[in-house]
Amino acid sequence: MAEIVFLVTKIPCNSVTKRQDQTLNVRVNFTYKGPAKTGRLGAVVTQQIILAGVVVDEFDEIDSTGKEVDLILPDSPETQNFATDIIGLPLAGCKPKSGYGIKVYVLDLDGKPESGCLNILTVRSFAPELNITSLTVS
Amino acid sequence: MALEDMIKIEITKPLPETGEAGIVYKIEGKAKMFGPIGAFPWVYAKVKKKDWYKPEILEETSFERGFPIPVTGNFTIDFKPEKAGIYEVTVLATPAPLSFPVVGVFPVTGKADMMKVAVGAPVEEKVIQVESLILS
Numbered sequence: 002m003a004e005i006v007f008l009v010t011k012i013p014c015n016s017v018t019k020r021q022d023q024t025l026n027v028r029v030n031f032t033y034k035g036p037a038k039t040g041r042l043g044a045v046v047t048q049q050i051i052l053a054g055v056v057v058d059e060f061d062e063i064d065s066t067g068k069e070v071d072l073i074l075p076d077s078p079e080t081q082n083f084a085t086d087i088i089g090l091p092l093a094g095c096k097p098k099s100g101y102g103i104k105v106y107v108l109d110l111d112g113k114p115e116s117g118c119l120n121i122l123t124v125r126s127f128a129p130e131l132n133i134t135s136l137t138v139s
Numbered sequence: 002m003a004l005e006d007m008i009k010i011e012i013t014k015p016l017p018e019t020g021e022a023g024i025v026y027k028i029e030g031k032a033k034m035f036g037p038i039g040a041f042p043w044v045y046a047k048v049k050k051k052d053w054y055k056p057e058i059l060e061e062t063s064f065e066r067g068f069p070i071p072v073t074g075n076f077t078i079d080f081k082p083e084k085a086g087i088y089e090v091t092v093l094a095t096p097a098p099l100s101f102p103v104v105g106v107f108p109v110t111g112k113a114d115m116m117k118v119a120v121g122a123p124v125e126e127k128v129i130q131v132e133s134l135i136l137s
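In the order they appear, the protein sequences are chains F and G.
Numbered by the numbering used here, the letters in the first sequence go through residues 2 to 139 in order.
Numbered by the numbering used here, the letters in the second sequence go through residues 2 to 137 in order.
Chain F with its partners taken away, still in its complex shape:
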């Protein structure tokens, strides 16, 4: 049986630390060459799935974090640079830990090109932490 392999192109990205009650903003820098076209640009937080020490999925999507925006591309006979912001990816569905990745994808443009980076997001708990530092008895 034929196996379909989806490749995610690895791209540069900065690292951030966020709390679960915060949201993540993603600025996507890309180039485009082609006729005027509309499509969708999406971003989603991912995690690596490792079974018995073997990475079985580098970009397993955490669905609740996904967000898409419209992509309006002007006629570009030559390759041009563009940037689009995807604002407010909710992180409430992420457990507090490090090592999350991010994946962006384009829809409606002949296939679904995917790009992403690994280990760039740490999510911290937003549970209130009460530490008793000292006691005074009287």
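Derived from the structure by calculation, the hints contain no laboratory data.
Since the model is a prediction, treat every value here as computed from it, not as a measurement.
Certain hints may be false.
[Unchecked claim] Here are the computed lysine to aspartate or glutamate pairs in the EDC-like style, where the Cα-Cα straight-line distance is at most 16 Å: (1) G:Lys112 to G:Glu65; (2) F:Lys34 to G:Glu132; (3) F:Lys11 to G:Glu132.
Dock chain G against the given chain F, drawing on the hints supplied.
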């Protein structure tokens, strides 16, 4: 021997049956001379764009020059259809170079089988490439 049979044209790499406008396709072949050795032939591809609504006399016809290699007779001709449509391409050999534009009838000393190519409109290139991400 008929004039058209003096040069045997063998096509070793014919055109594909379908193509895309704006792309260069190469015809490769060999021109062999029979009988007394004379001047080496000039090889051309006669390109006719077939339009069903046009009578044959009004069809667009052009000639693409080939460049035979002396002794071996191997030649290549570039065929670059500019518009979508049905093309009929026939490789011809002549005893002298053609003047352009080609007017009237010129002697043909060799002729290969006609190749028919259905050319489609160019595929619009759409390339999007994500370069980097900035998280905040």
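Each hint tested on the structure:
1. G:Lys112 to G:Glu65: It holds: about 14 Å lies between the C-alpha atoms, which stays within 16 Å.
2. F:Lys34 to G:Glu132: holds, 14 Å
3. F:Lys11 to G:Glu132: holds, 9 Å
Of the numbered hints listed earlier, not one is contradicted by the structure.
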